[in-house]
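Got chain Z; can you put chain B on it based on the hints?
Listed in order, the protein sequences are those of chains Z and B.
Per our numbering, the first sequence starts with residue 1, numbered consecutively.
Per our numbering, the second sequence starts with residue 1, numbered consecutively.
Just so you know, not all the hints are guaranteed correct.
Cβ-to-Cβ under 7 Å is the rule here; a few derived chain Z residues that face chain B [claimed, not checked]:
hint	residue
1	Val-93
2	Phe-213
3	Gly-243
4	Gly-250
5	Tyr-253
6	Asn-256
7	Val-343
Calculated directly from the structure, the hints in this document are not laboratory data.
Don't be surprised by glycine CBs; every beta carbon is placed ideally from N, CA and C.
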Amino acid sequence: MSKLNYYDCGIHRGAGAVARFSSACIVTPGSDNDFEALASMFGQINELSTSAQVSEVIRAHLNRLTVFAALVVDGDSATAFRRGSMEIEVGGVQLEFLPGAEEHTISPFIDGSRIEIFATGSESPGPVAPYNLTTGIAPGAGISMTPAEFDKYPTSNDSASGVDLPVQEAAAANTVLAVDDQEETDSGYTQMVEEPAAEQVEVSPEQEAAEDFHNVVLSELPSNELPPLAEVTAKNAPIDSAGFIIFDDGMTYGLNRSYTIGRNPESEEGFEPLKISTGNETISRNHATLTIDGSQVSVSDLGSTNGTFIWNAVNQAWNQVEPNSTIKIEPGTTVALGRRAFVFEGVDSDPRSYQEPYEMPIKE
Amino acid sequence: MQKVADYQIIEELGEDGIFRYFRATPPARLNQSSSVRVRALKRQIGESAISRLSQHLAVATKANSDKVLRDLEVIQDSAMLAIAGEDSNLGTLADPAPDLDRSDVLRIVGEALESLDELHSLGITHSDIRPQNIRLDTNRAKLSNPGVLHVINQGQTLPGTHSQIPVEYTHPDLIRGRLPDRKTDLWAMGVTLHRALSGTSIFPQAPTTSLLNTLRHMQIQGPTLSSSLTESEKDLVSRMLGINGAETGTLENLVKTIEETAGGSRTENDDVEA
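The shape of chain Z in the complex, shown without the other chains (with noise of 0.2 Å):
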């Protein structure tokens, strides 16, 4: 893989900072305390070639920042990492971190996605998003660097590009900032975009029609598709299951049917996908599956990087299950896969109270 296409490095004076690359963009505020870091982790960045190492450089730097947001994109995944009051929107849909989290893995990420970050802050009512890497930075953010120490640091190295960007204020209104480096359009359907007033223009039905989105008529769509509801309803009795699983988030499923748990796990025979999020990268891509055979349940770990663990309320412990092993569990189990966990409930449970929270054995 080539170097990045690295070509702007904005750490500006008094300005914040925003870097946009091939394949991510970085916004901070910024604040005096973390210049150090930014410098550095720009500096570094500028040498890397792939994202994963960006994502790591990123990470290492994460805990001497404050306020901080960005986005790297990685093939069909992308990771989005976040300090203090920032948030990310992606396709206009704001990443929900966990509590605590400053990564979310966004899974599959499609491309050409629409990213817009913006801070929220108690100065400012809302969103402030003065952040447009087309047009700049908007004044009010604020990092100092002298012009010495900005010199230190190349702000853009690579006109390939032949993208150089101008330090200038951006308007006031909410703007849009696209991962890859494929130009704007002038579309207008960015999702949830402040269009300015003075800008609309008459658009006849035609030229609405040609533009840049995707839509299905659901009325010319084939509707006979579906078997009468009596006959589901038929198949549907006596439900065959053996109860549920419910994740840490609340997530939960039905255990009618075998999973293959991960970020972004395979389709295989027999086992439904069941992808799960988590604030970083705790989770491998097929990380274990849920077996079920009537009302047995069993979990097998598929060599995850992370392991995973069941908890044994006799011994308030994790015991990790072997790489390509097979244990069966009980009602009340409780799994974990990385830093997220769920738990086992049978069909016919014995009511008992929630287990009092525990470490998890993938800790920050």
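Structure of chain B alone, referenced to chain Z:
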């Protein structure tokens, strides 16, 4: 003005664990004079899930528009997926524009049952019946927003703690993976009627300390109907929930019973006012 695809947003209407909701002006290409409702999925889904979703929703568009508010389009705009559907002008059973008395509530739920019958006759379930999805129009109540969670992520039965939807609308069997069917839709309608009449849950004793404990309670304990319901109302709710030995009967018969109960309720109200 904000946009979702080529829909001009008029106002944001809130969110739950799955969608953000908007009222919007539709694009001219739809030839739709009134506003529409747009629900934007809060997470990204893959192509196969989008295809399943579109097929699922397409069936419901065949429903009689006098009884069901129909979805119009599934829109993919960059990474965002949104569904645009018909709007109504008098709010929802959860947040009605007009003041409702007991007979109004019964009438509205009766009309929603007719809507449900229409959907079931097409071979599909609604699978997300709750007061917010019973919309009030000038002429009658209509069901809207067919559930999609089980279509998007097969096997998933609850969206998570960020959901603002009480779990009582979800039949206990659904939580364990049963597919939505007539029985589970009627359960949700019964919970809706109970909630609208009494303002309380059918699981008033359910612990609220954690979702898991709530679900455990639901799996083990049966519903408890509010003492504020009349005997005939209790009988109706019991029939919909399929509890207390009550025979559900046909939807047509349920609608007839609910109309009779509404009539009785109206008479009682009139007596009180007199």
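Which numbered hints fail: Per hint list: zero violations.
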